[in-house]
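*Asks:* Here are the chains, one letter per residue:
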Amino acid sequence: MSVEYRHATKRFAGQDRPAVHDLSLEVEAGEICVLVGPSGCGKTTAMRMVNRMVEITEGDILIGGTSVRDREPAHLRRGIGYVIQQIGLFPHRTVADNIATVPALVGWDRDRVERRVGELLELIGLAPETRDRYPSQLSGGQQQRVGVARALAADPPLMLMDEPFGAIDPINRERLQNEFLRLQANIRKTVLFVTHDIDEAIKMGDRIAIMKQGGVLAQYATPAELLMTPADDFVEDFVGADRALKRLALLRVADVDLWEAPLAYVGQATEEVRAKLEGAEVPHALLVDPERRPLGWLSDRDLARETVPAIPDSSPDPRVELDDVLRDALSDLLQAESLYAPVVDAQGRLAGVLSVEVISDFLTSPAAEVEEHPAAERPLGHHE
Amino acid sequence: MPDVFLTGFLGTFGDAIDFIFTPQTTRFQTEKVGGIDQVLELGGEHVKVTFLALGAAILIALPAGVLLGHYRRGEMVALTLGNAGRGIPELAVIALAAAFLGFGLENVVAALMILGIPPILTNAYVGVAQVDRTAVEAARGVGMRDLEVIGKVELPLAVPTIMSGVRTGAINIVATAAIAPLAGTLTLGDFIISRNVYGDAGVLAGAILIALLAIAIELGLAGLQYLLTPRGLKLSRSLSAA
Amino acid sequence: MNSSAIAPLLAQVELRDRSDTNCVQDNGTFCLDWAVDNYERYVDPTLEHIVLVIVSVVLGFLIAMGLAVLSHRRRWLIPTFTGLTGVIYTIPSISLFLLLLPFTGRGNDTAVIALTLYTLQIIYRNIVTGLNNVPPEARDAGRGMGMTDNQLLRRVEFPLATPEIVAGLRIATVSTVAIATLAVFAGGSGLGAEMYRSLDFKTGLLITTGLTVIMAIAFDLCLSLFQRFLAPWQAPAPRERRARLAALTRRPADA
Numbered sequence: 001m002s003v004e005y006r007h008a009t010k011r012f013a014g015q016d017r018p019a020v021h022d023l024s025l026e027v028e029a030g031e032i033c034v035l036v037g038p039s040g041c042g043k044t045t046a047m048r049m050v051n052r053m054v055e056i057t058e059g060d061i062l063i064g065g066t067s068v069r070d071r072e073p074a075h076l077r078r079g080i081g082y083v084i085q086q087i088g089l090f091p092h093r094t095v096a097d098n099i100a101t102v103p104a105l106v107g108w109d110r111d112r113v114e115r116r117v118g119e120l121l122e123l124i125g126l127a128p129e130t131r132d133r134y135p136s137q138l139s140g141g142q143q144q145r146v147g148v149a150r151a152l153a154a155d156p157p158l159m160l161m162d163e164p165f166g167a168i169d170p171i172n173r174e175r176l177q178n179e180f181l182r183l184q185a186n187i188r189k190t191v192l193f194v195t196h197d198i199d200e201a202i203k204m205g206d207r208i209a210i211m212k213q214g215g216v217l218a219q220y221a222t223p224a225e226l227l228m229t230p231a232d233d234f235v236e237d238f239v240g241a242d243r244a245l246k247r248l249a250l251l252r253v254a255d256v257d258l259w260e261a262p263l264a265y266v267g268q269a270t271e272e273v274r275a276k277l278e279g280a281e282v283p284h285a286l287l288v289d290p291e292r293r294p295l296g297w298l299s300d301r302d303l304a305r306e307t308v309p310a311i312p313d314s315s316p317d318p319r320v321e322l323d324d325v326l327r328d329a330l331s332d333l334l335q336a337e338s339l340y341a342p343v344v345d346a347q348g349r350l351a352g353v354l355s356v357e358v359i360s361d362f363l364t365s366p367a368a369e370v371e372e373h374p375a376a377e378r379p380l381g382h383h384e
Numbered sequence: 001m002p003d004v005f006l007t008g009f010l011g012t013f014g015d016a017i018d019f020i021f022t023p024q025t026t027r028f029q030t031e032k033v034g035g036i037d038q039v040l041e042l043g044g045e046h047v048k049v050t051f052l053a054l055g056a057a058i059l060i061a062l063p064a065g066v067l068l069g070h071y072r073r074g075e076m077v078a079l080t081l082g083n084a085g086r087g088i089p090e091l092a093v094i095a096l097a098a099a100f101l102g103f104g105l106e107n108v109v110a111a112l113m114i115l116g117i118p119p120i121l122t123n124a125y126v127g128v129a130q131v132d133r134t135a136v137e138a139a140r141g142v143g144m145r146d147l148e149v150i151g152k153v154e155l156p157l158a159v160p161t162i163m164s165g166v167r168t169g170a171i172n173i174v175a176t177a178a179i180a181p182l183a184g185t186l187t188l189g190d191f192i193i194s195r196n197v198y199g200d201a202g203v204l205a206g207a208i209l210i211a212l213l214a215i216a217i218e219l220g221l222a223g224l225q226y227l228l229t230p231r232g233l234k235l236s237r238s239l240s241a242a
Numbered sequence: 001m002n003s004s005a006i007a008p009l010l011a012q013v014e015l016r017d018r019s020d021t022n023c024v025q026d027n028g029t030f031c032l033d034w035a036v037d038n039y040e041r042y043v044d045p046t047l048e049h050i051v052l053v054i055v056s057v058v059l060g061f062l063i064a065m066g067l068a069v070l071s072h073r074r075r076w077l078i079p080t081f082t083g084l085t086g087v088i089y090t091i092p093s094i095s096l097f098l099l100l101l102p103f104t105g106r107g108n109d110t111a112v113i114a115l116t117l118y119t120l121q122i123i124y125r126n127i128v129t130g131l132n133n134v135p136p137e138a139r140d141a142g143r144g145m146g147m148t149d150n151q152l153l154r155r156v157e158f159p160l161a162t163p164e165i166v167a168g169l170r171i172a173t174v175s176t177v178a179i180a181t182l183a184v185f186a187g188g189s190g191l192g193a194e195m196y197r198s199l200d201f202k203t204g205l206l207i208t209t210g211l212t213v214i215m216a217i218a219f220d221l222c223l224s225l226f227q228r229f230l231a232p233w234q235a236p237a238p239r240e241r242r243a244r245l246a247a248l249t250r251r252p253a254d255a
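So the protein lines, in turn, are chains A, B and C. Note that the first sequence ends on residue 384 in the working numbering; no numbers are left out. Note that the second sequence ends on residue 242 in the working numbering; no numbers are left out. Note that the third sequence ends on residue 255 in the working numbering; no numbers are left out.
Just so you know, these hints were derived from the structure itself, not from any lab. Where a beta carbon is used, it is the ideal one built from N, C-alpha and C, also for glycine. Please note that a few of the clues may not be correct.
So the derived label-pair ranges between C-beta atoms look like this [unchecked claim]:
#1 A/71 - C/137: 46 to 56 Å
#2 B/196 - C/40: 28 to 38 Å
#3 B/12 - C/137: 49 to 59 Å
#4 B/77 - C/33: 31 to 41 Å
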């Protein structure tokens, strides 16, 4: 279900400047579009115009090609998932009754509602006995999971999420973000997601709409585009001086060119190894086992022997995986004060060597093009 | 029908108004009753017992409530007393006072005072206890002693709530003073209770006069509350209301 | 009034033993034997009193609910309604009873009307406060999920306002038990009439007073249990106490 803003404008009574000014953008079905910007930029207003919690002053918004203005507000809203920062669970209803809000409104029968509640509790990873608890008996993170489940209850194709994780502590926020992305990989909803946090926007968005004061759209682009080529000073400022670094968060180790290191095996004559070192990309030899699992780096002292020893002077750590987020891999390298890290696949076999130089090249050349992943397929980071 | 009703209605109330201003002969008595002189006499007595009782109630309940609120102890006391205050049957208070204490002004005042205490104490407690903690902390922080904290911070901030309690108490008392004649103190309520002396016009006149007196006292105390409320508090109220 | 009120009592106790008769004749503090022998005479007044209270509070609740629904989406009506109900509330109950007489005549009808009018202020104010205290995010979420105004009111706002509403009902009921004793001045029945008849008889006064007080406590208890049943979701004590204290301390003009 696509969403299209067509010159949508919102003017609140008694205010000179519009809250949202002539907004035009299109969100494709199954995409997460993040509306981001400083407070007062109209991002929440823009989102709330979609389900007519805020009435459109001029222009139009189409959902799946139909104008929201032609829909009766209550009916329109029942077909759109709605998650807000304050969560807004009904304190007088159990978890199950909260989740069943929209199904009850549209008149599902009891069995179907019961089944759906069970499904959703499982989907959001809450124990079945939670269903009869009241919201006040849940932690903040659990409450927000229930909030998401409630929005998904009637399986709406479109979700509106207004700073859904804004009130959650940073550690749980990351967990919830990752959970939602995993969920999205399966359910593929069209999502309008509001946040003021550019990092969250980059992490969650397939596309990002950056808005500035006066409800003006500053740029609408994919996260990588946004980071590489900010449209103006405002966007450049907003994405931050570390925008190059942020791009690394969008990529896996597998997405960059890996180098090759001269390989050595236990018992091999050191002379052969020394010969391989001449003119190699990586100026150090890596000791691997017969399955090509890295055992360690060979030092000059190791290579001064006749044969390659079984236990080299330096460990192979930091070791990174192909699926690791590039930013995390860089951070591992910097922390170990190492220029190179062996990269292994899921079975622990060597796939190449990540060098700080490759990453720094990538950072300094704005043109460095890599294929972008949809948010739901992006690396989630191993710091979870 | 409506005409008859209206005439009857106007007639009854007209009689009551006449009763207030000019002495009337009734079918029960040979001498004339009512009239402005008697109204003023009974009204004066009504006002007198009301203010004596209200004063006594304030003297007892205000310090108690303020102290409880200051130490934030006694929420249950305030709640129970407040509730009980609503539950005391006025008729019983006067009747019990008359039966067990006997007739007399002191006894009536004591009985009426009992009706004034609960709302004043409860409101004083709530008013002081709900004063913003940070304001109290700040007051202590600049070196105020308990009495100074109460006098300079808590009491001024609690004025609206305390005065609400005083008004409720005053209304209770002025209303109950209407049945004080049952305990031998002749107030405006005498017109009501001694129906066989004053007739229906007198009863209605009494009801009107007591209602007017209550409203006058309510308005007077509301005015007093306005004067006593610190300016800053009034400003912030009107701002938050806007 | 004095001796004539006692006469029927004396007639009844003449056949009793001497000490009992003495107690009644001397108007002793509390004549237990007399009370035991004569409890039946208080059954009907008590029942009448209960009916008077329940009918008035239920009527008051229904009217206040109607006013609250009316003013909920038309906020400008709230000061009007609070003001109107407040003026009624300021009129001493005894005056209100008597002022109604020319319209409704002596009897229980007048008593019910006056008592109902009297409950309006407390109940209405508490419903409004309860609705105002509904967390805005619950309202936003409900609307955002497609509830109509009515659905929002029925499914979210009223249930969440229960603590305040019940707090108001409790005060209104307790007050009505007490005020209903004054219905005797409007020709109403109930414990007030019985109390009035016993003005010179201490035992009778204590019994009627005791019955009113017990009735008030019993009503209060029932309503607090009712609230626990209606609002099982909340840790009751603090918010409920706060709601009741708030309801107790407000005045009509505090709007």
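*Asks:* Determine for every hint whether it applies to the structure shown.
*Replies:* Evaluation of the provided hints:
1. In this structure the hint that residue 71 of chain A and residue 137 of chain C lie 46 to 56 Å apart at CB is violated, the actual value being about 24 Å.
2. Distance hint for residue 196 of chain B and residue 40 of chain C: a CB-CB separation of about 31 Å, consistent with the stated range 28 to 38 Å.
3. For the pair residue 12 of chain B and residue 137 of chain C, the beta carbons lie near 56 Å from each other, so the given range of 49 to 59 Å is met.
4. Between residue 77 of chain B and residue 33 of chain C the CB atoms are about 37 Å apart, so this pair conforms to the stated range of 31 to 41 Å.
Checked against the numbered hints given earlier, this structure breaks only hint 1.
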